[in-house]
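Asker: As they're listed, the protein sequences go chains E and L.
The opening residue of the first sequence carries number 1172 in my numbering; numbering runs sequentially from there.
The opening residue of the second sequence carries number 309 in my numbering; numbering runs sequentially from there.
Bear in mind the hints are in silico, worked out from the structure with no lab data behind them.
One thing to keep in mind: the hints can contain errors.
What the hints assert, rightly or not - Here are some chain E residues pointing at chain L (derived, C-beta under 10 Å):
{"no.": "1", "residue": "Tyr1242"}
{"no.": "2", "residue": "Leu1262"}
{"no.": "3", "residue": "Ala1427"}
{"no.": "4", "residue": "Arg1477"}
{"no.": "5", "residue": "Arg1480"}
{"no.": "6", "residue": "Leu1483"}
{"no.": "7", "residue": "Gly1527"}
{"no.": "8", "residue": "Ser1615"}
{"no.": "9", "residue": "Leu1622"}
Predicted model, so just to flag it, every value in this text is computed and none were measured.
Even glycine gets a Cβ: it sits at the ideal position worked out from N, Cα and C.
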Amino acid sequence: MKLDGQARSILPPGGGAWPVVGIRPTIGRVLLYALPLGFLAIFFCYPLVAILRLSFAGGVGGLLQALGTGYYWQVLAFTTGQAALSTLLTLAIGLPGAFVFARYEFPGKALLRAMAGVPFVMPTVVVAVAFGALLGPRGLLNQALQAVFGLATPPIQLGGLAAVLLAHVFYNYTVVLRLVGGFWANLDPRLEQAAAVLGASRRRALLSVTLPLLAPAVGAAALLVFIFSFTSFGVIVILGGPRLATLEVEIYRQTAQLLRLDVAATLALIQAACTLLLSLAYTRLAARAAVPLELQPRGLTARPPRRARERLLVGATMLVLTLLLGAPLAALALRSLLAPPGAGPLFTLAAYTALGENRTGSAFFVPPTVAIANSLRIATTTTALALLVGIPAAYLLARGGQAPQRGPFTRLRAGLYGWTDALFMLPLGTSAVTLGLGYLVALSVPGLAGLRTSPWLLPLLHTLVALPFVIRALVPVLRARNPRQREAAAVLGATPLAAWLRVELPQIAPALATGAIFAFTVSLGEFGATLLLTRPDAPTLPVMIFRFLGQPGALNYGQALALSTILMLITAAGFLLLERLRPPGGEF
Amino acid sequence: MRRLIALCALALLLAACGQPAATRPTPPPIITPAASTVPAGATPAPSAPLVVMTHDSFNVSEDVLAAFTAETGISVEFLKTGDAGTVLNQAILSKDAPLADVLFGVDNTFLSRALAADLFVPYASPALAAIPAELQLDPSNRLLPVDFGYVVINYDKAALAAAGRTPPTSLEELARPEWRGQLVVQNPATSSPGLAFLLATIAHFGEDGGYTWQDFWRDLRANEVYVAQGWSEAYYTQFSGSSGAGPYPLVVSYATSPAAEVFFSEGKLSEPPTGNLLVPGGSFRQVEFVGILRGTRNEEAARRFVDFMLQPAFQADIPLQMFVYPANPATPLPEVFQQFAEVPAAPATLAPETIEQRREQWISAWTEIVLR
């Protein structure tokens, strides 16, 4: 990494000196860093330890039994394999998209980017309905193909691993698009141009200049996609069929059906350990790959496609997005509007109007506006909390990549940062079933019982899952920012706060927006923990959808699809709004 | 300095993570009993609401509930925390400091586990007199029957008619080639109707003899039975008779599902699009129970609520709110039930104790036969 050496050579030589001169180490900073660590300790470690202690209270017999069962190792192998394949496929499809969104301006860009994030909030059973409506044996595509080619049997048979991979790409495309695309958009295109001037081919410039610089962001996206696919529950069992079992499925089975908490906890520990190891590996690699860069405003880096080749690339990306992500969502929206077969008009709003009526006089009736308001309240609170906790956490973790090259405790310190970083990823890789029970046990302590019905509980839980996204979006940018700019501001007389607000905030604002969008998304779509902890009078949209899909009848089905469509629209609107939020003077 | 900060941070973290271990050293690790936190003989404030813990599918009419509150002055708060199995597990894990006063929704497949965990206090409600003895599966009256339903196979009338065939007349027939690739069931490890149907087949085919339940499932697998994760997915994405229009014409569901299809059709259907496959051994009766949680500080109010659930107003409200049958046979049924909800002649029965003892074994054997 030549650039690395050059950039570092300008900085004071290693030894005890810290390359980043910012706020001096003060009590304030200790408090700042204590916030994320304390948050994690109270809201993650404490409930987890509570459930683990309870699970192993009777000894470690279940642990040994689970470890000695060959079947669980097969499940682990499958879980890992499908997650790796899903990650590779998502990167292969997502990276060209990230490039196009970073480098070109084209009509409908903001809308397409918003749409790409919508699958992330959709409950799996709804996605299964969407895929079925499109690709199922009696789906639109098969019916069309059968009609055109006069086939007797549906040509597309979706199931098994292929369906799982497709669904994981469908869900996670947005992670690559936003994390990599966001970083890429601020990368100075002149670096590549300089390489071209020096005689490098386009391919060479991409491989030896751009991709190494992007490595931390690509790694961050890959890590998140992998963990998501690794802990996947609904996608695997609903779309892949029951023969594909992941660890999460076994944890549910051991807990709900058999109440074998020790076996379940062992599997949850294995799952968490895999996440931890992977995050550690990533942290080491990412810290090594981090390079200070002159990040550029997006206005300078993106332009409309001019040559035929560029247009073709942009067009292809739009096509992939529309077919892969847009079509299933559109099929869902269409179905919510279709009238039942028979006489009368083809389309109807009956399902939507029924949402507002309490037809059965139920005491648990909740108008859709209330569910929307609940979802939005929880999602915005989560977003605020995730930024509040995530920004100091990201600053803390970004320092891990900037540790001095020599010094007495270098290894220890690097290791410490690595572990802390991995610890923040852990909530994503922890079984929702296990953590949910952990909360129950932890909150059964008399003094804490009040929190059980607190409106803060769900935002706090969602923040745990949202934090890794905020951190992963911010850390690459924080490591890449050039400290000399803020130093220059300080030399020119700016206070640390002013320097941060005027120089640094605009640079990290796009990453902050990305983190905020993911926090918002994670909260809107979160279902497992929400179902366990939500109050009946205050359900979120996914919980309402789940309730409707729990009863037979056309009206229930229609209302579930109508609410899903509303959820899609709200999500997309939320994205567009969040993208408009920019700090004053920030053009990045 | 920075090293110090990092070390402090880690120390803080470890301290926080390790704290429970330090302060509460011995098993049982959870919670001081609620009784010890309240002075003996303390009565709750009259305004404290009665908390009823239940599953997601619980429902009641607003006016029926309001009448209870008006009559007794007891306001009721509901806590819905997942499916029936999850709710029971939560009650077991928090039994020393109960989350609620009353738990509704333990069914006969979980009855033994609930009783073994000693979660409930006995209450011989006077309203039990009107409830058939065959539903009163707990002689100690810790769990009182409120409603029941039947898990059966539903079939898509139109799909079978289009194929020019009549519904199968026995479970055995489902394992024959002419019904290859027609049936959707749920995984008993993750779905309560899935488990109920498995139990029905175990009761019907038995565990010994020339053709056991295991042989039947082996044949079903060879006959390309589709295993779905849960009821919603099975019914709405795989079954052809629902609005989801999936590919399979037979699905494991409830005997009241056809009636629900009519009720939730917005008046568009006068006949259900689906029918019940009432074949010998093909149905399992699920009975749902209510109980007063041990440790309640509100036992008198809890008793009033249990009475209320067994009395006519609530019993009559059950069919259209939860699509199951009220436990009291004298309860008038709504028209859609009278017309379209059928009662299987001889549902399978298995003793709750047997179910609790053999559940793990049966599910494991089933998984081995059907999925691996």
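Asker: Hold the hint about Arg1480 of chain E up to the distance rule: shortest CB distance to chain L must be less than 10 Å.
Answerer: 42 Å, violated
Asker: Could you check if Arg1477 of chain E really has its C-beta closer than 10 Å to a C-beta on chain L?
Answerer: With a closest approach of 46 Å, the Arg1477 of chain E hint is violated.
Asker: Return the status of the interface hint for Tyr1242 of chain E: holds when the least beta-carbon distance to chain L is below 10 Å, violated otherwise.
Answerer: The hint holds - Tyr1242 of chain E has a Cβ within 10 Å of chain L, the shortest such distance being about 8 Å.
Asker: Taking the closest Cβ pair, is Gly1527 of chain E under 10 Å from chain L?
Answerer: 14 Å, violated
Asker: Given Ser1615 of chain E as an interface hint, is its Cβ closer than 10 Å to any Cβ of chain L?
Answerer: Hint on Ser1615 of chain E: holds, closest Cβ of chain L at ~5 Å, below 10 Å.
Asker: Take the shortest C-beta to C-beta distance between Leu1483 of chain E and chain L; is it under 10 Å?
Answerer: 37 Å, violated
Asker: Hold the hint about Leu1622 of chain E up to the distance rule: shortest CB distance to chain L must be less than 10 Å.
Answerer: Where the cut-off is 10 Å and the nearest Cβ of chain L is about 12 Å from Leu1622 of chain E, the hint is violated.
Asker: So, Leu1262 of chain E near chain L? Judge it on the closest CB pair being under 10 Å.
Answerer: 28 Å, violated
Asker: Could you check if Ala1427 of chain E really has its C-beta closer than 10 Å to a C-beta on chain L?
Answerer: Result: holds, 4 Å to nearest chain L Cβ.
Of the numbered hints listed earlier, those contradicted by the structure are 2, 4, 5, 6, 7 and 9.
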